[in-house]
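Peer 1: Two chains, two frames, some hints: make the complex.
Chains A and B supply the protein sequences, listed in that same order. Under the numbering used here, the first residue of the first sequence carries the number 148, and numbering increases by one thereafter. Under the numbering used here, the first residue of the second sequence carries the number 28, and numbering increases by one thereafter.
None of these hints come from the bench; they were simulated from the model. Certain hints may be false.
Mimicking DSS-like on lysine-lysine, the simulated pairs with C-alpha atoms at most 27 Å apart in a straight line are [as the list claims (entries may be wrong)]:
1. A:LYS171 - A:LYS190
2. A:LYS158 - A:LYS171
3. A:LYS402 - B:LYS212
4. B:LYS212 - A:LYS161
5. B:LYS127 - B:LYS88
6. A:LYS363 - B:LYS88
7. A:LYS363 - B:LYS90
8. B:LYS65 - A:LYS402
9. B:LYS212 - A:LYS363
Some chain B residues near chain A, calculated using beta-carbon distances under 10 Å [stated by the list, open to error]:
10. PHE105
11. ARG106
12. LEU109
13. GLU113
14. VAL178
15. PHE179
16. ASP182
17. ASP218
Think of the CB as a built atom: it goes at the ideal place given N, C-alpha and C, for glycine as much as any other residue.
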Amino acid sequence: MTQDKNTPEWKAQKTYAQNRIDSKHKATLPPLTPEEEARPFAKYLYEEIPQPDPVHYGKMEQPIDPADSIGPEDINRLLDVEALERGVEIGWCNRPDGSGYIANTIVYPGVTADMIDWWFAWHPLEDLRYRIWYPPQHGGIMLSPIDRARILDPAVPNREKNWGVTHYVTENCDCGMENVDISFRSPADMGFDMDRFNRAAATFAGGGGWAVTVHKDDDSITAPAIMCHTFYEVPGGLRHRTRFWMGLRFTEQGKPELCLPRGVQVPSVAVQGLARHNVKEFTRFREFLPRIYKELGHSMYC
Amino acid sequence: MPIKLMAASRRRPGLTRAEYFRYIEHYHGTVARLERFKIERYIQNHVIDGAFGVLTDTSHKNKATDREAVVELHFDSFRDLLDTLEPQGVEQSRANMDGKYFADEPTNIIVMAEEAELPVANPTPKFNPGLGEPNQGAVKVMHYIMRRPDVFPNDYYRLWRLAHDEALAKAPYANEMFRRIVVSKRSRVNDNDAAARAHFRMVDPPVYDMVVSFWLDSMEQAGAFRQYFEALRESPLEFADWSESFFLYVRPVRIIDDAPPKD
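Pulled out of the complex, with its shape left as it was, chain B reads as follows (with noise of 0.2 Å):
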């Protein structure tokens, strides 16, 4: 898919979890999919766990601590992002106006991403009720990773692959869990977000360049991220402030999509 916008919100004051991922999932979902506009793909994940800087912090450096949903909208074109961010036709779409029901606006984070597969060694080999469709997983974990201002966009996405690869050589259990790998590069046409801003009601929003996806089996499997992220964290090559980066397990929920189950 050309391009996605990503955006992780936190729950608006008032709501407890349960309320919000039951309005977003069934109430905000539906409206997405009665006014779908260009929309390809969403999915909602929702949040079951996280963590936000690294142990070696002794307070946190991210302004929100906290996230409940990163909602990925898939779009086949910029294009098609624009207009359905801003409909023609229409003063406010419907999910527009809904996101303050459930989300504190201010404290969204967006990024407007390409996606990039990486290899892994260990896909789901076939299909399985119990493990779900292949290449896929019941949980995800979303790596947002914070560049070193000193550090180029370019040189920051080859260090980190290379600290990645050395990572899951050092991180065998990771290395056999891991069923697919997203790497969600940031687009420059995310410089011009005005529209993606104004949509989300964001207030001076870190940028993030880069989000990695692993996807696992289950919860049961999330010591396989951490020991690749302490393994990462090992690494020499320095392109992070892992201070003010975060990752996130996930449940990845379908919206909209109209690809057939693989099977």
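Here chain A stands alone, though its shape is the one from the complex (with noise of 0.2 Å):
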């Protein structure tokens, strides 16, 4: 089927190299252009954002004890809900082995799977559909042109839009501007039991991730992670389970491999930053994504 490529959709491509000069601009978290106020979605930018809850964003103040946290290579104890609640479910840590670990987890009343596939798959069309998530960090997104096609190709459910597409993300995880290139992969590829999965979780959305300054130059270390956010049915709506692995990345076998040289950690300040960030980002997400979704989740399109 031949796509209409004179959407906004479609406009919103750039070139590859154009992008990375783009994030620059985007790092300052410009003023929206004419274009932009005028897309349907833009007054969310402009919302009083809900601030997190206190005890929750108060328990990423400290790292918790590294014997609470589990490996990527034991992703398939994210299926394992009963454990899962006796164990630590808010946190971050430095592994032994020196990788960063963060735990998070979150109730979202009145969201269900299918607000999650959608706006999984509708945000990264726009810089501005990014924006609105979060508008203190969140500079902006670009998709490839294959990717783009696959994502607005009303032939991928929803579900599946992101399974192989790379977001090109700028946002700021409390250590400044940087560009994060987030590689989503099916939950099969990110090593869960389907069986299992299929029992337990309702949905999922996350992969392998390089982030690296915005302002990039030969001394700037581009750092790996393994991103996992999984969703699970609960009375009235879905608990929201997050993982990271920093200083992971899969490899082209689609293994988890640790990237750090020997005796070199994670710095503490990047994991606890990330950890923020991600209660701050999904506190809005949860109050926001219902809303949104009721206006705009009938199609990638607006």
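Peer 2: In structure tokens:
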């Protein structure tokens, strides 16, 4: 099916080189252009952003005991809900191998798996869609042309649209604006046992990312991380569990691998920064998703 | 093998090609065997011939237009790679200090890559002392393909794969003669390549996101790659800067390889 390339969803397309240049401007969180102001979702940018629950946010003050963390090779432990509830669900630490670990959980009343699937496919199509998620720290986003065509392909279910797709994100995870390239994977490619996953989880979004400052130079460190957002049905909504493993990447064969030189650990300020950012952006998400889904959730276009 | 380091070098001033090959294989190769560190496999690819840019270019756009060898160092993990380039308890490894005796180090080109094997229509069917091991060959073509800067890396790989499949369909001799094809995709860990740059002493090197290797039975089949290459370039898909790309016909030489020969 031929797609109409005169829509805002297609006109947002930039080249790879141009997007890297533009990211420095996006990082300044610039005022909206007239075209952006005219978009039906621009109003969300100007809303008051809900603040995290102080008790919840306070749990990111100090690191947890690394013995309470799990590694990405044990990802299927995220499907044992009873064990998760007995463990530490909110916190961060450096693991003994130097990697950074983040756990977070939050309940979303009135949210469904379809809303999650729609949001993760819908938001990468324009900078402003990403900015309205968390205006204080989200600068912009880009897709490649082939990935954009996949997202906009009505034959691909929303749940699967991001599988194999890379989001080129500009955001500040409490350590300065970075370009973060997140390559999304299917839950099977994350390592989940799909029989167990289908019994325990409602939906999922995650993959591997590489982050580097928008002002990259030859000495900049490009840092890998594995990101895992798993959603579970609970009475009246969904429970979201997040895990990040910082300093690890997926190999070409799909195995998690530590990428830190011996004796080096992910700076704790970076782990804590991402943990805090995660609490803040998903506190906003919890409140905002049902409203925007009701308004625009019927399509990828608007 | 999870990760490998590919370094393409040209000979230092004052060396003939024969002197360079003798030194890198017999002296430098021996140094690597004696100080193996975490190297799992080490292949030297000695260049027989090659071409830089394309026939429609009127002058070269590559910074350096000659290469004598591409070495491939395979490791089980990225950490093993780092441990070898920056060995603990040693200020500089002998291999590191040896490079200046044979290579023009500032022009080295490195690619830290992960391999993905592609199917071929006609792998070597069985052991044959004349042809060598199954799925190998006496000659390899290493194709360094420069990504166009406007193309997203994930699209670059996809577009190349489409163009590659179409080219093979249009190049029957190549389709018949390619015994093995391995894609070496640049890893993002290569973004932090300070250790490798220091080890190979490069200055402002060009960045290649992909090297594709094709195995042939012998140099007599080199025309198969040329047929494939012309078909590849006819693709309307725009993903490569062909003027900054190059290919090398090489003779693989095993320096370190514990794997038993296949039969």
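Peer 1: Regarding the hint that GLU113 of chain B lies at the interface with chain A, is the smallest CB-CB distance below 10 Å?
Peer 2: Holds, because the Cβ-Cβ distance from GLU113 of chain B to chain A comes to roughly 8 Å (cut-off 10 Å).
Peer 1: Under the criterion that the straight-line Cα-Cα distance not exceed 27 Å, is the pair LYS363 of chain A, LYS90 of chain B satisfied?
Peer 2: holds (24 Å)
Peer 1: Can you confirm whether the C-alpha distance between LYS65 of chain B and LYS402 of chain A stays at or below 27 Å?
Peer 2: holds (20 Å)
Peer 1: With the threshold set at 27 Å, check whether the alpha-carbon distance from LYS171 of chain A to LYS190 of chain A stays at or below it.
Peer 2: holds (24 Å)
Peer 1: Can you verify the interface hint for LEU109 of chain B: is its Cβ closer than 10 Å to any Cβ in chain A?
Peer 2: holds (5 Å)
Peer 1: Compare the distance between the alpha carbons of LYS158 of chain A and LYS171 of chain A with 27 Å, and conclude whether the hinted pair is satisfied.
Peer 2: Roughly 20 Å between the alpha carbons, so the hint for LYS158 of chain A and LYS171 of chain A holds.
Peer 1: Under 10 Å, Cβ to Cβ, is where ARG106 of chain B needs to be relative to chain A, so tell me if that hint holds or is violated.
Peer 2: This hint holds: ARG106 of chain B lies near chain A, its Cβ roughly 6 Å from the closest one there, short of 10 Å.
Peer 1: Check whether the Cα positions of LYS363 of chain A and LYS88 of chain B lie no farther apart than 27 Å.
Peer 2: holds (26 Å)
Peer 1: Do the alpha carbons of LYS212 of chain B and LYS363 of chain A lie within 27 Å of each other, as the hint requires?
Peer 2: holds (22 Å)
Peer 1: Given ASP218 of chain B as an interface hint, is the shortest Cβ-Cβ distance to chain A below 10 Å?
Peer 2: Since chain A brings a Cβ to about 4 Å from ASP218 of chain B, closer than 10 Å, the hint holds.
Peer 1: Run the distance test for LYS212 of chain B versus LYS161 of chain A: straight-line Cα separation, threshold 27 Å.
Peer 2: holds (24 Å)
Peer 1: Can the hint on PHE179 of chain B be confirmed by a CB-to-CB distance to chain A that is less than 10 Å?
Peer 2: OK, holds: PHE179 of chain B within 10 Å of chain A, min 3 Å.
The structure meets every hint from the earlier list without exception.
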